[in-house]
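Required output: the full structure, derived from the provided sequences and hints.
Chain by chain, the residues run as shown.
2 protein chains.
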Amino acid sequence: MTRKIGILGGTGPEGSGLAYRWAKAGLEIVIGSRDAVRASETAAQLKSKIGPSARIEGADNASAVSQAQIVVLTVPFTGSAPLLKQLKNSWKSDQIVIDTTVPLAATIGGAATRVIGVWQGSAAEHTRELLPREIPLASALQNLGAELLAGDAPVDCDVLVCSDDEKAKQAATELVEKIPGARALNGGKLENARIVESITALLIGLNIRYKVHSAGIRFTGLPSRPTS
Amino acid sequence: MTRKIGILGGTGPEGSGLAYRWAKAGLEIVIGSRDAVRASETAAQLKSKIGPSARIEGADNASAVSQAQIVVLTVPFTGSAPLLKQLKNSWKSDQIVIDTTVPLAATIGGAATRVIGVWQGSAAEHTRELLPREIPLASALQNLGAELLAGDAPVDCDVLVCSDDEKAKQAATELVEKIPGARALNGGKLENARIVESITALLIGLNIRYKVHSAGIRFTGLPSRPTS
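Protein sequences appear in the order of chains A and B.
Residue numbers for the first sequence follow our numbering, so the first one is 3 and each next one is one higher.
Residue numbers for the second sequence follow our numbering, so the first one is 3 and each next one is one higher.
It is worth saying that the hints were derived from the structure and are not from the lab.
On a predicted model such as this, the values are computed, not experimentally measured, just so you know.
Be aware that one or more of the hints could be misleading.
Because identical chains share one entry, a pair is satisfied inside a single copy or across any pair of copies.
[As the list claims (entries may be wrong)] With a cut-off of at most 27 Å between alpha-carbon atoms, the simulated DSSO-like pairs for lysine-lysine come out as follows: (1) Lys213 x Lys191; (2) Lys213 x Lys49; (3) Lys51 x Lys87; (4) Lys49 x Lys6; (5) Lys213 x Lys169; (6) Lys213 x Lys90; (7) Lys87 x Lys49; (8) Lys49 x Lys90; (9) Lys49 x Lys169; (10) Lys169 x Lys6; (11) Lys87 x Lys26; (12) Lys169 x Lys90; (13) Lys213 x Lys26.
If you want it as C-alpha cells, here you go:
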C-alpha cells in the first residue's frame with residue numbers, strides 16, 4: 003500500500019495514536035488539524051518517537067484531504083458536521099473515507115459511558131449523509147482505545163469494519179491489519195456502525211468499573227485467527 | 003446456591019439451553035411455558051440427556067413463578083409484555099428476575115441482525131417497567147447463543163450483567179458462572195442493557211457472514227480471568 007493517509011483531527015489522542023502505529027508500520031501519514039502549526043508539532047513529536055525514517059507531516063484539514071488517498075475521521079462527534087461541510091468541495095472521486103468517530107454523550111457534556119441518539123442511526127451514517135455520494139465510506143477502529151494505540155505492545159482487539167462499499171471495506175481492513183494484534187472483521191453494512199459505536203461507550207464503562215485503561219473486545223467462535 | 007430457578011419460555015432454544023447447563027451444574031430448575039405439557043416434555047428430555055440426578059421439571063409460567071426464587075425470562079420479545087402483565091400479581095418480594103431477552107427485529111418479521119427501538123431503551127428496561135418496583139431485576143446472558151448452550155463444551159464467552167440492584171447483579175453473576183467457560187462481567191446499570199442486547203444482533207450477523215453458529219464475545223484488558 004503506497005497511498006498517503008490523511009488523519010483529520012490527528013492531533014487528538016485517537017488520531018495521533020493511529021498516526022503513530024501506521025507511520026511506524028511504514029505508511030505515509032499527513033496529520034490534519036484546524037491549526038496547521040499544531041498538526042506539524044504533533045507530526046514532529048511522532049517522528050521523533052518513531053525515528054527519522056517515519057514519513058509523517060502536518061497540515062490544515064483541507065490540505066491534508068487534498069494530499070491523501072485515504073482520509074480518516076478522528077474528530078470529536080460535534081466537530082464532524084462542521085468539518086465535513088467545510089470540506090464539501092475538497093473531495094476527489096478516487097478517495098476513500100474511514101470514520102472512527104463515536105457519538106459519546108461526553109461530546110454534549112454528558113457521560114462517556116453513553117451515546118447520544120443520532121437521527122441517521124450512527125455517526126458513520128451521519129458522515130455518509132455529509133459526504134459526496136461517490137466517495138466510499140467505511141466505519142472502523144471505534145473500539146481501539148487511544149492508550150492502546152499510543153503504546154508499542156500488540157493490541158488484543160478485534161476491529162469491526164462496516165461499509166456498503168467493498169473497496170472501502172478492503173482499504174479499512176488493510177489499515178487495521180497494519181496495527182500489530184488487531185484483527186479486522188467484516189462488520190457488515192454501514193448501518194451496523196450504530197452497534198459498534200455503542201460498544202465504545204460500554205468499553206469506557208468497563209475501564210471505569212475495572213479501573214483499567216484499555217478494555218478491548220475479541221470475538222470468539224469465528225474461523226480466522228488474530229493476525230498476531 | 004439452593005434456590006430454584008424458573009425459566010419462563012424455557013421450551014425455546016435459549017431457555018432450554020440454560021436449563022440444560024444449570025441442571026447439569028446441579029441447580030434445581032422449573033421450566034415454564036404457556037403449555038404445561040410442553041414444559042414437562044422439555045424437562046423430561048433434558049433430564050434424560052443429563053441423567054436421573056437432574057432436578058428439572060415443567061409447569062405453566064405462573065406456576066413456575068410461584069415455585070422459583072430466581073425467575074429467568076427467555077421468551078421472544080413480543081411475548082414479554084403479555085406474559086409480564088399476566089404475571090402481575092404472581093410475584094413475591096424475595097424473588098429476583100433475570101432478563102435475557104433481545105428485541106431482535108425478527109420478532110416483528112424483520113432481520114435477526116437488527117434490533118427494534120424500544121421506547122424504554124432496551125428490552126430489560128421495558129421489563130423493569132412491567133415488573134413490580136420491589137422485584138430486583140438484572141439483565142444478562144443475551145449474548146450466549148442457544149447452540150453453545152445446547153452443547154457440552156465450555157463456552158468461550160463473557161457475559162455482561164447489568165442491573166441497578168446489587169442483589170440481582172450478584173444472583174445473575176453466580177448463575178452465569180455455573181456455565182463452564184462463561185465469565186460474568188459487571189456491565190453497570192440496567193440502562194446499559196441496550197448496548198448488550200444490540201451485540202446479539204451483531205453476533206448473529208457475524209454468524210451469517212462467517213458461516214458459523216456460535217460467535218461469542220470476550221473482553222480484553224481486564225484484571226480478572228475467565229473462570230475456565
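Structure-based check of each hint:
1. Lys213 x Lys191: between (34 Å within a copy, 17 Å between copies)
2. Lys213 x Lys49: So Lys213 and Lys49 fail the 27 Å test inside a copy (31 Å) and across (43 Å) alike.
3. Lys51 x Lys87: neither (34 Å within a copy, 62 Å between copies)
4. Lys49 x Lys6: So Lys49 and Lys6 pass the 27 Å test inside one copy only (16 Å; across, 62 Å).
5. Lys213 x Lys169: The answer is between: 22 Å across copies meets 27 Å, while 39 Å in one copy does not.
6. Lys213 x Lys90: The answer is neither: 42 Å in one copy and 40 Å across copies each exceed 27 Å.
7. Lys87 x Lys49: neither (31 Å within a copy, 64 Å between copies)
8. Lys49 x Lys90: Cα proximity of Lys49 and Lys90: none, with 30 Å in one copy and 65 Å across.
9. Lys49 x Lys169: So Lys49 and Lys169 fail the 27 Å test inside a copy (30 Å) and across (52 Å) alike.
10. Lys169 x Lys6: within (16 Å within a copy, 54 Å between copies)
11. Lys87 x Lys26: neither (32 Å within a copy, 59 Å between copies)
12. Lys169 x Lys90: Only inside one copy: Lys169 and Lys90 sit 21 Å apart there, 53 Å across copies, limit 27 Å.
13. Lys213 x Lys26: This pair counts as neither: shortest intra-copy Cα distance 29 Å, inter-copy 35 Å.
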